[in-house]
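Undergrad: Okay, here's what each chain looks like letter by letter:
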Amino acid sequence: MYTLSSKLRVFSIILVVIGAIGLTIGFLSTPNTIEEVKEMMAAHDAHGGGHGNTNATANTHATEGHGNEDAHGGDAHYEHTLHQLQNKPWAALYVAAFFFFMIALGVLAFYAIQFAAQAGWSPVLFRVMEAITAYLVPGGIILFVILALSGFHINHLFVWADPEVVAHDKLLQGKASWLNSGWFIIRAIVFLGGWLLYRHFAIKYSRKQDEDPNGNKWYKKSFKIAAGFLVFFIYTESMASWDWIMSFDPHWFSTLFGWYVFASLFVSGITTIALITIYLKSKGYLEFVNDSHIHDLAKFMFGISIFWTYLWFSQFMLIWYSNIPEEVTYFITRIEDYKLPFFGMLVMNFLFPILVLMNSDYKRVNWFVVMAGVIILCGHYIDIFNMVMPATVGESWFIGVSEISAVLLFLGLFLLIVFKALTKAPLLAKGNPYIEESKHFHY
Amino acid sequence: MASKVIHALYIDDDILMDAVKQVRAEHYHIEEVYTPFPVHGLDKAMGLAPTKLAITSFMYGCVGLTVAITMMNYIMIEDWPQNIGGKPSFSYIENMPAFVPIMFELTVFFAAHLMVITFYMRSKLWPFKEAENPDVRTTDDHFLMAIDTGHHDVDTMTSFLSNTGAVEIKVIDKEDNH
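Top line first, the protein sequences correspond to chains R and S. Quick note: the first sequence uses the working numbering, first residue 1, plus one each step. Quick note: the second sequence uses the working numbering, first residue 1, plus one each step.
By construction, these hints were calculated from the structure, which means they are not laboratory data. No experiment lies behind these values; they were computed from the predicted model shown. Careful: at least some of the hints might be erroneous.
[Said to hold, decoys possible] Below 30 angstroms or equal to it, Euclidean Cα-Cα: the simulated DSSO-like pairs (lysine-lysine) are:
#1 S:Lys21 <-> R:Lys299
#2 R:Lys7 <-> R:Lys424
#3 R:Lys439 <-> S:Lys124
#4 S:Lys124 <-> S:Lys21
The shape of chain S in the complex, shown without the other chains (with noise of 0.2 angstroms):
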């Protein structure tokens, strides 16, 4: 089935999150918004599941922390006890305030590298990967709002997306343009 998307753009972030809401209103289904920024609030406004990045950091930084103290464990006190300063060498608690600055940047390496990563994978972004963005503008000064027509008349969806304060509103052909 022939089905179709407009592609309606904005040029202010405060227009598109009001547009936003009513496009949601209107049961119209937003396949998604490109924006030059993060807008805040957007996902809230579109309606997107709350992120689960956040637990995902967590577990990362506790996996940062056990490897902290699984890696200082063995170098310093297991494998070649070593005296610095007339600390005592053969035990990890008895020593751990020296180790502390390192679990805690291993804790915070981990946390943010897989974070950022997690978050790449998730978004489906890698190296050379070819730009998904239908409109180049959308990386300047504009906001592009993509929404499937689906069952709806185009032309009273168009009529009411220019109302919403879209600059510019095309249609396309979903067949036609993969």
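The following block holds chain R by itself, in its conformation from the complex (with noise of 0.2 angstroms):
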């Protein structure tokens, strides 16, 4: 049995309370008037910030001009920068809410599929896969009650959700049979009832079945669930996306893009059973667990990366080749504002995973998947928060006390959620059929 050290459990609250604390902060240090917009961006100005020339010329256009319409025109911008600055810390909060959850989603996915293809290597690991889809249920809570809040137009992250925008706006009446609010909240529910159920219940067949091994009974039911829960999942993981991620610019859209979030989510949840595996590993639990698990992990952190970067230059290259309107924004809004964290999170995504992680070697060797490990999880952060700030912030994105609250807030309860249901059940699901083959995996 693994016992939670006093040690995590400290440093998990203690990220908690200093994310909760820094959004708060981000939260009440969003200005409220356009005044306060200009005050704020008056002061960025007299730092001296990169792009301080354009708003310096944009003041004196405002402030010169009294009564004309070129006030007019800089007022209705500061509107537009005060919408956005208002946005910024929901959005923070939402990617990270959205990063955390998508990872344990990630792991219950990949946790039926062992079941549902019966594999043989992996259910020495199952206690770890079970221990991170215990953050679903506060995960999917609280991405809930955001998701809620945001389609009921509490804030202004789905410009769907405003009536204002909708009157005037001729695509956005016509999705509106789809994204209103009342059946975008009853989507969420199905979507996160389901996924919630599953969990439920293949953790309670995985416990009998180490209580009452006989005949199998258990295991069966569980791969009679896996199975279905696999079509349920690709059916409403692709509509989620459309939901929670791709109706953040309503106007555009990709046929791939449930695929292409599934692949993110499915990298990073592999990616953090690995990594906890080996710390787990390191403070002396999960004996059973040798060398080639780890070297398996690490080849479906490679192979998914592979996969993502597949999916993310199909979408790509048709759309900038294509070169249609409407379609094409999406890229040039990204490239142009968001130019850093586009490309960056290619390397971290793509090119650092594929030379880390190439030579068989390398993925036996437990610093270097680490390694490989933060990289990719890092890069699927941007690559979320690249999905979500260009519609909500815009070009006002910097990477401030909220991001950085948000992502340390998420990151102490999703420590504390999963070290303290691993302390559950025995590490080792010792009534699997598979578990002694398991065992002795070997490559």
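Dock chain one against chain two, each of which comes alone in its own frame, and use the hints as you go.
TA: Below is the structure:
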């Protein structure tokens, strides 16, 4: 049995507290009026920021020309910036909440695949996977609350939730039968409810199988429910990615967006399994996990990273090549306003894993896997950041106190819940029929 | 010196693997093992050096990537700039996404084909080559281990081998049989 060390508990609680404080500061320091935005920008200009010049000219326009259209144009610009800055802590909260939720969801899908495929190598890792999926419950509830707030237009994350905007937008009116608050929330309940239901029964059957392995009655139930869940999951995950991410840019659409988000959550989930397994091994637990298990996880990290790149590129190249205005704006805003995170995450999510994890021997070196894993997780956080921020915060983005605090808050919560869940059951799923094969798994 | 070779035949890959380990533990010298299909882990059990084929494959892939970039740059940018779909035709880097599929394909093509050719050459295989296979049954359902007798006693070796699960043991004079 694993016991949660007080050091780890205190560390994660500190993360949560710092994150909560930082996020509160982030929310409190958002400007409420146009005047505050002007003050903030003036202060920023005084510091001599990189884009001081453009702001300064806008400033003089607004102050000099009283009563003429220049001032009006200037105020409209400030109002735009005001909305972006008001969105910023919400978007930061959303990105972090979604990112940690999607790790747990990716692990849940991976776990179900192990059962559906009757994999023989992985049962020694099942308890680690089960513990990570424990985050689905609180993470899902938090995500649901944020989605409900956004869907009912308490904040301005989703423009389609703003009746003012929809009234002036023909395209959004056409999509209103799908993108409306009530139906949006019902879908979220169905998706999250289905996933949590599978998790509940999967864990229950897995524990029962340990108590009563005779005839593999519970294992067979696990197999059936996993197969059913995977069918449900691939449809609902795809729709959830339209709802929860693609609808930030409601005019834009991509038909493989669901797969693209799936690749992201899958590789993040597998990486997290590898990191937590290596951590537990370094603390002297999981003595039955050998190099070959780590090797296989690293192979998955490598393979799914390339799969992610394949999907990312398929989406990018077709849109870049056809150059249709309503499609290509998506990438133009990202390349113009988000150059560093956009190209940076490509390096982190593709170039780095492919070069570091290509060699077979390196996949068995723990610190190599950890290093690659940390870079992959950061890269996929930035990927989600790139998906959400351009539509909500636009060119007013920067990595500030809200972004960092939101990550710390959810990281702390994630660690606390996952490691707490690890203490709930023995670390070896001893009733699993493939457990002996898995223990002797050797590449 | 008339050195002899023992051919021990097995009918199961698990038994063969155990036998290989036992023979190695006795410090007999295994010349070669002939199997109808690749037996997982046999190379490690025999103590063969790890293959360097992966490194050659990586280098061939790099060659393929270079060939693709040079070729596309010459064809599409330098020699005859072509305007396809209004894409920038005077700069390789700006037009790069369009070339990625070709870069990918040629990397895979070079890596795969040259690696296979390297493997054939390394295994001394070419068209019309006479099979070195000592027993035709190893292409069907038998596994054959060839052990060099060296200075060991042939009788002790044969009885030892029959204990490891060999179904048939033949002692062959090397000089008579080349």
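Undergrad: Within a Cα-Cα threshold of 30 angstroms, do S:Lys21 and R:Lys299 meet the stated pairing?
TA: 29 angstroms, holds
Undergrad: Under the criterion that the straight-line Cα-Cα distance not exceed 30 angstroms, is the pair S:Lys124, S:Lys21 satisfied?
TA: Holds, at roughly 27 angstroms.
Undergrad: Sort out whether S:Lys124 lies within 30 angstroms of R:Lys439, counting only the CA atoms.
TA: 39 angstroms, violated
Undergrad: Holds or violated: R:Lys7 and R:Lys424, Cα atoms, limit 30 angstroms.
TA: 18 angstroms, holds
Comparing the model with each numbered hint stated earlier shows that hint 3 is the single one that does not hold.
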